[in-house]
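Trainee: Sequence:
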Amino acid sequence: MSQSPFSTSELDQYELDRKRMLLLPFLASGFPTGPEHDKRLKEQARLAEQAAQASRPIQSPLMAGYDTSTISQRPQKQLPIEDKIQICSSRLERWVELTAKFDTGTQDDWISFSIVKDLQLSADNDELVVYETFTGEVMESSMVVKNLAWSSIGTDSRSWATTFRIAPENAPFQVLFGSDFIESKQIYSFNKANLILTRKRGTKEDNRVRQQREARAEAEADELERQRRGHDNASGQANGVGGKAQQSRIKVEEKEKSNMYYDDEMETDN
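In this note's numbering, each residue carries its 1-based index in the sequence shown increased by 2.
None of these hints come from the bench; they were simulated from the model. These numbers come from a predicted model, not from an experiment. Take the hints with a grain of salt, since some may be wrong.
[To be verified] Below, in silico cross-link-like pairs of lysine-lysine (DSBU-like), each with a Cα-Cα straight-line distance of 30 Å or less:
#, residue 1, residue 2
1, K44, K86
2, K86, K148
3, K119, K148
4, K103, K119
5, K44, K119
[As the list claims (entries may be wrong)] Simulated restraints, written as ranges between beta carbons of each label pair:
#, residue 1, residue 2, range
6, R96, K44, 36 to 44 Å
7, D120, P7, 17 to 25 Å
8, P174, E222, 33 to 41 Å
9, K41, D126, 22 to 30 Å
10, K41, N127, 44 to 52 Å
11, D126, L94, 33 to 41 Å
12, P7, D40, 51 to 59 Å
13, E139, K119, 15 to 23 Å
We treat Cβ as the ideally placed atom computed from N, Cα and C, and that holds for glycine.
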């Protein structure tokens with residue numbers, strides 16, 4: 003029996019990806035993917051209902067005459083499909099409102115390259131990762147934005163500094179938060195899985211293409227930095243020209259005042 007060319011961890015990852023892909027039709031339509039899936043969902047619902055019944059507190063006779071709906075409870079916020087956030091652009095010196103999505107299929111946090119350009123954010127090179135979108139399109143990333151300040155919007159608004167992977171301009175989101183952030187901050191409960199990205203397995207050809215795209219990504223990062231420096235230099239030159247013009251105007255005004263004073267002195271002498 004020949005030995006498998008894949009490691010145990012790679013096979014486990016493949017099995018998880020396969021299960022995610024099988025769930026996509028269910029997530030899109032809400033209908034079970036087959037009889038066995040339907041049976042399993044009903045059993046899960048029954049067990050969840052039993053657990054909920056068992057966890058409900060027994061009502062005290064002293065509370066029997068009160069409406070329990072008026073008792074204050076901390077609401078549980080379920081994982082949304084998307085939400086509004088604000089990101090700080092230090093170069094533009096303002097906060098910009100964006101739409102963020104939440105994805106349990108990826109561990110990383112992501113931001114679109116178009117947003118990085120528009121907000122003039124600094125980018126750094128990082129290891130290349132390859133993902134597939136839910137439509138089957140390949141999405142690669144080899145750059146990150148480190149410690150980007152952002153905040154949630156609403157009554158419970160809070161601020162964070164997060165490192166984001168940079169997604170291509172055609173990514174199906176502006177900002178995307180992965181499972182690591184969602185679980186670590188304990189902000190949302192997983193009422194359903196939102197699968198936008200899944201890790202793509204690499205082949206020898208993929209590795210060759212990956213190296214080419216790494217070189218291209220590095221060149222793009224250098225070009226982005228060059229444009230940013232050019233913008234800063236242009237601003238500095240404009241300020242320099244403006245300063246020189248102001249100095250010239252002051253010298254002309256002083257000379258005119260001096261000439262006027264000299265003319266007045268000549269008329270007085272005459």
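Trainee: The structure should be examined with respect to each hint, and the outcome stated for every one.
Mentor: Each hint tested on the structure:
{"no.": "1", "hint": "K44 <-> K86", "result": "violated (34 Å)"}
{"no.": "2", "hint": "K86 <-> K148", "result": "holds (21 Å)"}
{"no.": "3", "hint": "K119 <-> K148", "result": "holds (15 Å)"}
{"no.": "4", "hint": "K103 <-> K119", "result": "holds (20 Å)"}
{"no.": "5", "hint": "K44 <-> K119", "result": "violated (48 Å)"}
{"no.": "6", "hint": "R96 <-> K44: 36 to 44 Å", "result": "violated (51 Å)"}
{"no.": "7", "hint": "D120 <-> P7: 17 to 25 Å", "result": "violated (44 Å)"}
{"no.": "8", "hint": "P174 <-> E222: 33 to 41 Å", "result": "violated (21 Å)"}
{"no.": "9", "hint": "K41 <-> D126: 22 to 30 Å", "result": "violated (49 Å)"}
{"no.": "10", "hint": "K41 <-> N127: 44 to 52 Å", "result": "holds (49 Å)"}
{"no.": "11", "hint": "D126 <-> L94: 33 to 41 Å", "result": "violated (19 Å)"}
{"no.": "12", "hint": "P7 <-> D40: 51 to 59 Å", "result": "violated (37 Å)"}
{"no.": "13", "hint": "E139 <-> K119: 15 to 23 Å", "result": "holds (20 Å)"}
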